[in-house]
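Residue numbers (this note's numbering), protein chains in the order written: chain A, 7 to 304; chain B, 7 to 304; chain C, 7 to 304; chain D, 7 to 304.
Mixed in with the good hints, there may be bad ones.
Where chains are identical, the list cannot tell them apart; a pair therefore holds if satisfied intra-copy or between any two copies.
Said to hold, decoys possible - Calculated cross-link-like contacts (lysine-lysine; reagent style DSS-like; alpha-carbon spacing at most 25 angstroms): (1) K17 to K59; (2) K293 to K17; (3) K17 to K88; (4) K238 to K87; (5) K59 to K292; (6) K166 to K271; (7) K59 to K20; (8) K238 to K292; (9) K271 to K88; (10) K59 to K238; (11) K271 to K216; (12) K238 to K20; (13) K57 to K278; (14) K30 to K216; (15) K57 to K20; (16) K57 to K238; (17) K277 to K57; (18) K17 to K87; (19) K166 to K238.
Derived from the structure by calculation, the hints contain no laboratory data.
Number of protein chains: 4
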Amino acid sequence: MKAARLFAYDKPLKLVDVETPRLKNPADVLVRVTGAGVCHTDLHIVEGVWKEKVEITLPYTLGHENAGLVEEVGPAVSAVKKGEKVLLHPVITCGTCRPCRIGEDMHCENLVFPGISADGGFAQYIRTSERSLIKLNNLDPADVAPLADAGLTAIRAVKKAASRTTSASNVVVVGVGGLGHLALQLLRCMTNANIIAADVSESKLRLAEKMGAHRVVDALIIVGYGGTAHLKAIDVIFSEFSVLGSLVGNWDELRELVELTRQGKVRVLTKKGKLDEVNDMLDQLKKGTLEGRGVVIP
Amino acid sequence: MKAARLFAYDKPLKLVDVETPRLKNPADVLVRVTGAGVCHTDLHIVEGVWKEKVEITLPYTLGHENAGLVEEVGPAVSAVKKGEKVLLHPVITCGTCRPCRIGEDMHCENLVFPGISADGGFAQYIRTSERSLIKLNNLDPADVAPLADAGLTAIRAVKKAASRTTSASNVVVVGVGGLGHLALQLLRCMTNANIIAADVSESKLRLAEKMGAHRVVDALIIVGYGGTAHLKAIDVIFSEFSVLGSLVGNWDELRELVELTRQGKVRVLTKKGKLDEVNDMLDQLKKGTLEGRGVVIP
Amino acid sequence: MKAARLFAYDKPLKLVDVETPRLKNPADVLVRVTGAGVCHTDLHIVEGVWKEKVEITLPYTLGHENAGLVEEVGPAVSAVKKGEKVLLHPVITCGTCRPCRIGEDMHCENLVFPGISADGGFAQYIRTSERSLIKLNNLDPADVAPLADAGLTAIRAVKKAASRTTSASNVVVVGVGGLGHLALQLLRCMTNANIIAADVSESKLRLAEKMGAHRVVDALIIVGYGGTAHLKAIDVIFSEFSVLGSLVGNWDELRELVELTRQGKVRVLTKKGKLDEVNDMLDQLKKGTLEGRGVVIP
Amino acid sequence: MKAARLFAYDKPLKLVDVETPRLKNPADVLVRVTGAGVCHTDLHIVEGVWKEKVEITLPYTLGHENAGLVEEVGPAVSAVKKGEKVLLHPVITCGTCRPCRIGEDMHCENLVFPGISADGGFAQYIRTSERSLIKLNNLDPADVAPLADAGLTAIRAVKKAASRTTSASNVVVVGVGGLGHLALQLLRCMTNANIIAADVSESKLRLAEKMGAHRVVDALIIVGYGGTAHLKAIDVIFSEFSVLGSLVGNWDELRELVELTRQGKVRVLTKKGKLDEVNDMLDQLKKGTLEGRGVVIP
């Protein structure tokens, strides 16, 4: 099959022929990818930021925001069957460790992260596991693939915010990109807070207004997860504020997000392309000229 | 193997020879039972109370509070291995439905309840699944088997109470039997409330004091889950009180309970016997003369 | 001043001249009533349902859903001043008992309930306390008086429901009257649940649809707080369901509700009349022909 | 009356004669101080650390951890009467702003902090308000004065920790001084976590063991609230950890703490002295040679 793979850091992905993955475990599922979102994390991987965080040797296939059609299921699979449209929760989990048992999938002690620590979805087929799948029914995989990572990260963060806000609260969304435009819509349907969107791009501020921001701010900022926060202890104590880490999201949060999308409360803005356009999309993402989320259709 | 089975309602269990169960699914585990608690629910099953609640045809093996040694594991099992001491969460769950995904095992959409809706642990061997097991390490299965149901039901209820109490609260434990004596100890280590124990038996009130009750009350009551509560709407509103159902407990609560037992904060009072003494124990339980929890060792 | 007072149970209120109330305590506030909602509880009071619940001797002035203009303030009052538009939290609280200290106003140990246990707002003036007031700023007191009881009761119940629902939940609102039509709107802005409204009246079901119900059900039911709930213990346990009492609401919930109204997310449907129309309104309420909430303007 | 006052930064307090405070507002209460704890914050005030945080001109009386006997009450006071033993919540609050209404006293919009932003309790008398008092009944004010700040700060932080821990959690208490020895005991009665105490002093580690630490660590650290935390964003995200500010505590938490002390679950280790020994105590506190909490008895 065709796959877009990373052969060397700081180089474009190469579109090559590789063997189609096969089922290994009884609960494995093979999915034909019909939508794979292009994410800032893909840029960071290419730049080598993740080199020391995960054990993987080049080359391998990127793409961690995947959706498609069930192609083949292992003998222990009962939840999905061939031909069904599915969204892939970004990680493969064991189901028996304590984090899995309390529903905290991202903290699975035996976690595999396709597209980051294993072959991902910038390919015609991807191997995943029954536990990672959510049925899409009447939703189109290519339209909603970005829910799997950008959307999931947004809903988990918004849920944390929601439990801390009232109608008198102000919430600032910093950056109205793939994740930000979904966070805005989720803040609208999960809180009654006053929502402020900040971005450096005029067109993204217009998008923010369309997506429900109550106020937009033209800010000279660049966002990401590469920085360091400096907190003076006395300020943290005086204002009694909290810094909360939030790591992607769990299966049930993804299920909730798919349901909100089905209800029409969340709409994913996508720009679709073919698999061989993935390097182009990564470039546009870097330059900040991509509106909404890029999705390749292998 | 030997098993104590129910052949007819309102009759004693019969000790008979049956085929030893075999593994069916890849994640199945066969456990040699070395401790099986005797519970009021066993009495209710014999009396036919559960006849219409579960689909099962007689005869079958009772016993839903089980612990023992791993005898054999299926090909997909990685969490336990032969010879390890284990406690069995009372139900077998699928791991992929929504309740399983958020950690609410008791509400699994594909739940099997050995000893109630399938063959249980009043037998030399029982078949369960990897997902249902908790390792006991240095704890003796026969000593802690009652944690699996009496203890688990107690910890879930106490956790609900704990989040609603302060040091100024009063909590009443009605009945100091197999469940009640564990609830008392859990209230001691999970709350700072004032604990009152009520029972009809003088010796059980003495036990309650030993287990940490701050006050005991000699009450003319008989407890169980057969009754009906009548709530006047205006009273519920005025006092803004709540009635909370609590159904056994989930895997992580059982893990927590095993840890508290290991720390010495919870001690299970057991009266041990052989498998052929199970009818005797059921009789004593009915008469209220059994102190702590009866445990048969098949 | 004019006041509509109850002189005898099961008789209409009489419009009479009484002395205008005076300030008694340093934190007292006198309010000129310009909107007082007419509530089912007024009917129940007239019927004598509350006779044994509160200590009060006839005659006295009804009306517990009040709004108006500050007329005079005691020497210890700093939060409001003469001429400001205010909504009255339904109860007068001491501010120093434990319930007051943790924000649970309705459970104040020294609570006074004007219109129920003291003279209420079916009058030109009412005496209340600084602690009970919320400023209305640009909102008209007569338009929002029903927030003080119907709305407040609704928001507290909806908040309890909100923390227990996801986008896949079903919530049923039984009765689309003064309280129900506000509950519907609050469910829309505080949850993503599927909302079902039940009523016996066709026009109220149409109202429910306009207010955001996803589905309406023509039901042969009459609702109120006079009944008794019968709960089989085994059902409560099996489904692990809860019955939660909910008593009006606290000051901060009323502040939140006023803010949601200001944001346009909640709209109170009122039918206004003069003080001498109060008996008419009570009649219509009894017959179920009043749409939205009746409000008298003394 | 006698008072220990700060006349110049970096200088010892001076014991001088000042006028006894008088009641100003209807809810004011005058308390005869019979116990006032000596705290690290007093050192920081002397060092000028707080100079820019609060508006106050020298000289003024320090002491923010106060207890004593009610001497005189204003006309609006009903909760306490002359002669009663009371503990003073560290701040004076208005009771009508939103933070006060939801029980978050420390965030009162009109807060006064005696001993920091007004005259404190290193004096024979202190003026406070009815809202700040908790009755001590049979507890001795000098024995429990440190509950008012050290203890209150500890219980609020421990409550935050408690809701995040299970019996498998590890909690580290850094520093076993006035606050730390109370935090240790609270962790014992409010959690089942494994408690580790770290300090630079051998005798304080022995104290920690006596107070219930499961493990002690001899650490080369000096604790305080003067520092800055540096958090790498990627680490916060990966481990999904939180940094939670915690600011002293509210009235109801202080009430809870007094109750736990009454139950014997918390014991305050104090070293008592006269008012003119306050500079000595501050010196010992600085050197780290004071065990438990210094309390002056004016």
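Quick rundown of the hints versus the structure:
no.	hint	in the structure
1	K17 to K59	within (19 angstroms within a copy, 52 angstroms between copies)
2	K293 to K17	within (16 angstroms within a copy, 59 angstroms between copies)
3	K17 to K88	neither (37 angstroms within a copy, 50 angstroms between copies)
4	K238 to K87	neither (54 angstroms within a copy, 40 angstroms between copies)
5	K59 to K292	within (22 angstroms within a copy, 43 angstroms between copies)
6	K166 to K271	both (19 angstroms within a copy, 23 angstroms between copies)
7	K59 to K20	within (23 angstroms within a copy, 58 angstroms between copies)
8	K238 to K292	between (33 angstroms within a copy, 22 angstroms between copies)
9	K271 to K88	neither (29 angstroms within a copy, 45 angstroms between copies)
10	K59 to K238	between (28 angstroms within a copy, 14 angstroms between copies)
11	K271 to K216	both (13 angstroms within a copy, 19 angstroms between copies)
12	K238 to K20	neither (46 angstroms within a copy, 32 angstroms between copies)
13	K57 to K278	neither (29 angstroms within a copy, 58 angstroms between copies)
14	K30 to K216	neither (46 angstroms within a copy, 54 angstroms between copies)
15	K57 to K20	within (19 angstroms within a copy, 62 angstroms between copies)
16	K57 to K238	between (31 angstroms within a copy, 17 angstroms between copies)
17	K277 to K57	neither (29 angstroms within a copy, 56 angstroms between copies)
18	K17 to K87	neither (38 angstroms within a copy, 46 angstroms between copies)
19	K166 to K238	both (23 angstroms within a copy, 20 angstroms between copies)
The structure fails hints 3, 4, 9, 12, 13, 14, 17 and 18 (numbered hints given earlier, in ascending order).
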